[in-house]
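In order, the protein sequences belong to chains E and H.
Under numbering that gives the first Met the number 0, the first residue of the first sequence is numbered 0, with each subsequent residue one higher.
Under numbering that gives the first Met the number 0, the first residue of the second sequence is numbered 0, with each subsequent residue one higher.
It is possible that part of the hints are untrue.
[What the hints assert, rightly or not] A few chain E residues that face chain H, going by a derived Cβ cut-off under 8 Å, partial list only: (1) 114; (2) 115; (3) 122; (4) 128; (5) 131; (6) 135; (7) 147; (8) 153; (9) 154; (10) 159; (11) 192; (12) 202; (13) 207.
[Unchecked claim] As a list, the in silico DSS-like pairs of lysine-lysine whose alpha-carbon atoms are at most 27 Å apart: (14) H:269 x E:111; (15) H:450 x H:212; (16) H:252 x H:146; (17) E:116 x H:450; (18) H:146 x H:307; (19) H:403 x H:316; (20) E:218 x H:536; (21) H:253 x H:329; (22) E:116 x H:161; (23) H:329 x H:161; (24) H:180 x H:219; (25) H:146 x E:76; (26) H:175 x H:144; (27) H:307 x E:116; (28) H:192 x H:215; (29) H:316 x H:269.
[Unchecked claim] The calculated label-pair distances, taken between Cβ atoms and stated as ranges, are: (30) E:33 x H:154: 27 to 33 Å; (31) H:323 x E:81: 36 to 42 Å; (32) E:114 x H:308: 34 to 40 Å; (33) H:3 x E:147: 36 to 42 Å; (34) H:11 x E:293: 42 to 48 Å; (35) H:465 x E:81: 57 to 63 Å.
These are calculated hints, taken from the structure and not from any lab test.
Backbone N, C-alpha and C define an ideal beta-carbon position, used for all residues, glycine too.
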Amino acid sequence: MQILQLKDTVNFMSYRKIAMVFSALLMIASIYSLTTNKLNFGLDFTGGTLIEVGFQEAADLEKLRGVMKTNGFADAKVQFYGSSRDVVIRLGVREDVKAEMLGNEILAILEKSSGQKIDMRRIEFVGASVGDDLAEQGGLAMLTALICILIYVAFRFEWRFAVGSVVALFHDVLLTLGLFSILQLEFDLTVLAAVLAVIGYSLNDTIVVSDRIRENFRKIRNSNSEEVINISLTQTLSRTFITSITTLLVLAALFFQGGALIHGFATALLFGVFVGTYSSIYVASLVALGLGISREDLIPEVIEKEGADQEAMMP
Amino acid sequence: MLNKYPLWKTLMVAIIVALGALYATPNLYGESPAVQVSGLRGVQADTATLDRIRAQLEASNLTFDSISLENGQVLTRFNNTEDQLKARDVLDDNLGKQFSVALNLTPNTPEWLAAIGGSPMKLGLDLSGGVSFLIEVNMKEALNKAKTGMVGDFRGDLRNEKIRYRSVKEANDAVKVIFRKVEDLEAGQALLKKRYRDLLLTTDEDTLTLTAKMTKQKIKEIREYALDQNITIIRNRVNELGVAEPLVQRQGKKHIVIELPGVQDTATAKEILSATATIEFRLVDTEGDLSNALNGRVPANSILLRDKDGKPSLLKKRVMLTGDHIIDAKSGFDEYSRPQVNISLDSAGGSKMSSGTKSNIGKPMATVFIEYKSTDKKDAEGNLVFEKHQEIISVATIQSRLGKSFRITGAGSPAEARNLAILLRAGALVAPIAIVEERTVGPTLGAENVKLGFEAIMMGFGLVFIFMMIYYRAFGVVANLALGANLVLIVAVMSMLPGGAALTLPGMAGIVLTVGMAVDANVLIFERIREEIREGKTIQQAIHQGYDAAFSTIIDANITTLIAALILFAIGTGPVKGFAITLSIGILTSMFTSVVGTRAVVNAIWGGKRLDKLSI
C-alpha cells in the first residue's frame with residue numbers, strides 16, 4: 000500500500016514565501032499571547048495546594064464553592080476534573096497557616112458539609128520557592144537541550160543545518176507554548192516534559208531530511224541547491240507522513256485513554272507533532288537555504304597528496 | 000551472499016529477546032498482601048523472631064502462605080488482606096517496641112526467577128498510591144550553628160594558651176576576635192592558624208582585630224554534613240513509621256525526597272518526620288537502692304530508666320552531657336576485637352565531659368536515648384500528643400578522664416555498634432527542616448492510573464500494529480514483531496534497574512510515545528527499500544542498500560532525541576524523571592529491535608533467495 004505516489008519532484012521551495020509569512024504570523028501571535036496572556040502555570044510552578052476528591056454522586060460546584068467560602072477559603076478555585084464526580088480545589092500560596100496541613104483540613108470540611116464519604120484522590124502542596132526553582136530549572140533544561148543539539152548537529156552535519164534545525168526547534172517550542180497561552184491550558188511539569196519530547200520528535204524529523212539533503216548534494220551534480228532540497232523533501236515525504244501518522248495514532252490513544260492527568264501532556268505532543276512535521280519541511284531547510292547552503296559545503300574535502308595516485312616506489 | 004546473518008548474530012538476537020522475556024515475566028505474577036517485621040535501633044530480626052511470629056500467628060488462628068527471613072526482616076505472606084490486617088494488629092500488640100510492623104505488598108515472583116535476580120517493576124507513587132515529601136534543609140541555620148561553635152572553640156583555645164582577648168563574637172559571615180595587645184593578636188593568629196587549617200584568617204593591627212572566615216571548602220563541607228546527617232536521621236524516623244519500602248533520597252544541594260508508598264495518614268507521617276530525638280550521658284546512681292526504686296521509692300536525685308530489654312537502672316538526675324555536643328560518631332573495633340563506638344565532641348562538650356568524668360573514674364556511665372514519639376491521641380486543638388520516650392542504650396565504666404573524643408564499648412554486636420553510631424550522629428537534626436512540597440495519591444486514583452496507562456499503551460500499540468500490517472504487509476508484520484520485542488525489552492530493563500527507577504504515569508506515556516516513534520526506524524528502512532526497488536535494483540540489493548543507507552540517519556535521529564531525554568532525566572524530578580527514563584530506555588531498545596532485530600528476521604525469511612517480488 001502507498002499513501003503518496005509521487006512521480007515528480009514537488010516544488011516545495013516555490014511556496015517558501017507563503018510558508019515564511021505563515022510561520023512569522025504564528026510566531027508573532029504566540030509571542031503576543033505569551034507577553035499579554037502569559038502561561039497559565041500549574042501548581043508545580045506557582046506553588047499552592049491542590050485537592051482532588053471523588054464524590055459518590057455528581058457534585059454541586061456552586062454549593063462546594065459556598066462551603067469553601069464560609070470556611071475562610073474565598074480564593075479557592077473549584078472545578079470538575081475529568082468527570083462530574085471528580086472535583087479539584089485549588090488554593091494559592093498562604094503565609095498565615097501551616098500550608099502542608101491544609102489538604103487534610105479541607106478534606107475534613109468537605110466530608111462534614113456533604114455528609115457522604117469522600118474519596119481522597121490526591122493532595123498536592125508545593126511551596127512558593129519550589130515553584131520558582133522549577134520554572135528556572137525548566138527554562139534551563141530547554142536551553143541546555145537546544146545548545147547540546149546545536150553542537151551535535153553542527154559536528155555531524157554543517158553549521159547551516161545546525162542553525163536551521165535549532166531555528167525549527169525554537170519555532171516548534173514557541174508555537175506549542177503559544178497554543179497553551181492562547182487557550183489558557185494549564186502548563187504543569189508533565190507539559191514541560193511534553194515540550195521537551197516535542198523537541199526530540201521535531202529534531203528526529205529534521206535530521207532525516209537534512210541527512211537526505213546531504214546525501215543528494217553529494218550524489219546529484221547538475222542541480223542547484225533549491226532543486227536538491229526539493230528532491231530530498233519529496234523523497235522523504237512519504238516517511239515523514241507515515242511516522243507522523245503512527246505517532247499521532249499513539250498520541251490519540253493517550254489523549255482519549257490516558258485520563259485527565261495526562262491530557263495536557265497529550266495535547267502538547269499532538270500539536271507539537273503537527274508543527275514539528277511542518278517545520279522540518281519548511282523551517283529547517285528554508286533557513287539552511289537562506290544561509291546559502293551549497294554543494295561545496297557538504298562534499299568532504301579530498302586532499303590529494305602529491306604522487307598519491309602513483310604506485311609507491313619499491314626500493 | 001547478500002543478506003545472510005552469520006548464525007551467531009541470529010542467535011544473539013534470539014538470546015537477548017529471550018532473556019528480555021524472562022526478566023519481564025515477574026511482572027505477570029502479581030502481588031500478595033504481606034506483613035513485614037523489621038528491627039529498630041540495632042535489633043535485627045532473626046530466626047528467633049521468626050519463630051515468635053509464627054507462634055503468635057498460630058495462636059491467633061491466622062493462616063499464612065509463607066513466612067521467611069530476608070535481609071534481617073521477617074516477611075509473612077497472606078492470601079487475603081483481611082488476614083493481613085488482623086496479623087498486623089496481633090504482631091503490633093505483642094512484639095513490643097523493638098520491632099516495626101508494616102503492611103506490604105510482596106511480589107509473587109517464583110523462587111527460581113528471584114534466584115536469577117528477577118523482580119517486577121517498581122511502581123511510582125502516582126500508580127501505587129502513597130505520599131511523597133520534599134524537605135528543605137535550612138542551610139543558613141547550619142552555618143550559623145557552625146559559627147557559634149567556632150566562637151566557643153576560639154574562646155577555649157585562647158584561654159587554654161593564656162592569650163588574653165577582649166571579645167570573640169560573630170559578625171556576618173565571619174567570627175571576629177578583638178585583642179588588647181599586638182603581641183596577643185600575633186600569638187592568637189599563630190595559634191588559630193595552626194589549629195584550624197580550613198579557616199581564612201586576616202588581621203587588622205589598628206583595631207587589634209582578627210577575622211576568621213570559613214573557606215569555600217569548609218562551607219561546602221558543613222552543608223554536605225548537614226544534608227547527610229538530616230538524611231540519616233530522617234531515614235531512621237521513616238523506619239520507625241513502619242512503612243514498607245520507603246525511599247529517602249537527597250535531591251540537589253539542600254533538598255531531601257521522602258516517598259512513603261501506601262501511606263494515607265499524612266498528618267502522622269509529618270509529625271514524626273519533624274519530631275526531635277537526642278541523646279544524653281548520665282552517671283549511674285550506684286548508691287541508690289534499685290529494688291526500692293522499682294517499688295516506687297526513687298531517690299530524689301535519681302531517675303529510673305530501662306534498656307531495650309526492659310532491664311532497669313537507676314541514673315543520676317543531673318545530665319553530664321547532652322547529645323548536641325556530639326559532632327561525630329563512628330563504629331569500629333577495640334584491641335580485643337570488641338565492637339566500639341568512637342565519639343567526638345565539640346570543645347564545650349569536651350570540657351564538660353572532662354570535668355564530669357575527672358572525679359568519677361571507675362564508675363559506670365549510661366548513654367540514654369531520648370525521643371519524642373507521637374501517640375495516637377490528640378489534644379484539644381487536634382494536635383498529636385507526643386510522648387517522651389527514654390531508653391538506656393549502653394552502660395559502660397569510665398576508664399579514664401574523658402576529653403573531646405572517647406569511646407563506648409559494650410554496645411553489643413558490630414551491627415548494634417554501627418546503629419548506635421548512626422543514632423548518636425543522628426541524635427538531633429543538624430539544621431532545621433521544612434516540608435516544601437507534598438503529594439499524596441489515594442489508592443483508588445493509583446489503581447485507576449495503572450488501568451488508564453495500560454489501556455493507552457495497548458490501544459496505541461494495537462493501532463500502530465494494524466497500520467503497519469496494512470501499509471507494509473509482510474514487512475509490516477516483521478516491524479510489529481520488533482515492536483512487540485521492544486515493549487518486552489523496555490519492561491525487562493525497567494524491572495532490572497535498581498531502586499529509584501520506578502514506573503510512573505508519565506513513564507507509561509513515555510512507553511506509548513516510544514511505540515509510535517520506534518516504528519520510525521523501520522519506516523525509514525522500508526521506504527528506502529521501496530525506493531531502491533523502484534530504481535531497478537535487484538530485491539537482495541534493495542534490502543541490503545535499504546538497511547545500509549538508513550542506518551546513519553537512524554543513528555543521528557535517535558542520538559539527538561536521546562540527548563533531549565538525558566537532559567530531561569538530569570534536570571527533571573519525580574514524574575518528569577519517570578518519563579525521561581522510559582523514553583531513554585525505549586530509544587536504546589528500539590534501535591536494537593528495529594535495526595538488528597528486523598534484519599535478523601528479514602534475512603532469515605528472504606535473505607539469499609532469488610526473488611522477483613517483495614511483500615513490502
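Outcome of the hint check:
{"no.": "1", "hint": "114", "result": "20 Å, violated"}
{"no.": "2", "hint": "115", "result": "15 Å, violated"}
{"no.": "3", "hint": "122", "result": "4 Å, holds"}
{"no.": "4", "hint": "128", "result": "7 Å, holds"}
{"no.": "5", "hint": "131", "result": "11 Å, violated"}
{"no.": "6", "hint": "135", "result": "10 Å, violated"}
{"no.": "7", "hint": "147", "result": "5 Å, holds"}
{"no.": "8", "hint": "153", "result": "12 Å, violated"}
{"no.": "9", "hint": "154", "result": "11 Å, violated"}
{"no.": "10", "hint": "159", "result": "16 Å, violated"}
{"no.": "11", "hint": "192", "result": "5 Å, holds"}
{"no.": "12", "hint": "202", "result": "5 Å, holds"}
{"no.": "13", "hint": "207", "result": "6 Å, holds"}
{"no.": "14", "hint": "H:269 x E:111", "result": "23 Å, holds"}
{"no.": "15", "hint": "H:450 x H:212", "result": "58 Å, violated"}
{"no.": "16", "hint": "H:252 x H:146", "result": "20 Å, holds"}
{"no.": "17", "hint": "E:116 x H:450", "result": "24 Å, holds"}
{"no.": "18", "hint": "H:146 x H:307", "result": "37 Å, violated"}
{"no.": "19", "hint": "H:403 x H:316", "result": "23 Å, holds"}
{"no.": "20", "hint": "E:218 x H:536", "result": "17 Å, holds"}
{"no.": "21", "hint": "H:253 x H:329", "result": "24 Å, holds"}
{"no.": "22", "hint": "E:116 x H:161", "result": "73 Å, violated"}
{"no.": "23", "hint": "H:329 x H:161", "result": "33 Å, violated"}
{"no.": "24", "hint": "H:180 x H:219", "result": "34 Å, violated"}
{"no.": "25", "hint": "H:146 x E:76", "result": "46 Å, violated"}
{"no.": "26", "hint": "H:175 x H:144", "result": "16 Å, holds"}
{"no.": "27", "hint": "H:307 x E:116", "result": "42 Å, violated"}
{"no.": "28", "hint": "H:192 x H:215", "result": "17 Å, holds"}
{"no.": "29", "hint": "H:316 x H:269", "result": "32 Å, violated"}
{"no.": "30", "hint": "E:33 x H:154: 27 to 33 Å", "result": "58 Å, violated"}
{"no.": "31", "hint": "H:323 x E:81: 36 to 42 Å", "result": "51 Å, violated"}
{"no.": "32", "hint": "E:114 x H:308: 34 to 40 Å", "result": "51 Å, violated"}
{"no.": "33", "hint": "H:3 x E:147: 36 to 42 Å", "result": "39 Å, holds"}
{"no.": "34", "hint": "H:11 x E:293: 42 to 48 Å", "result": "44 Å, holds"}
{"no.": "35", "hint": "H:465 x E:81: 57 to 63 Å", "result": "28 Å, violated"}
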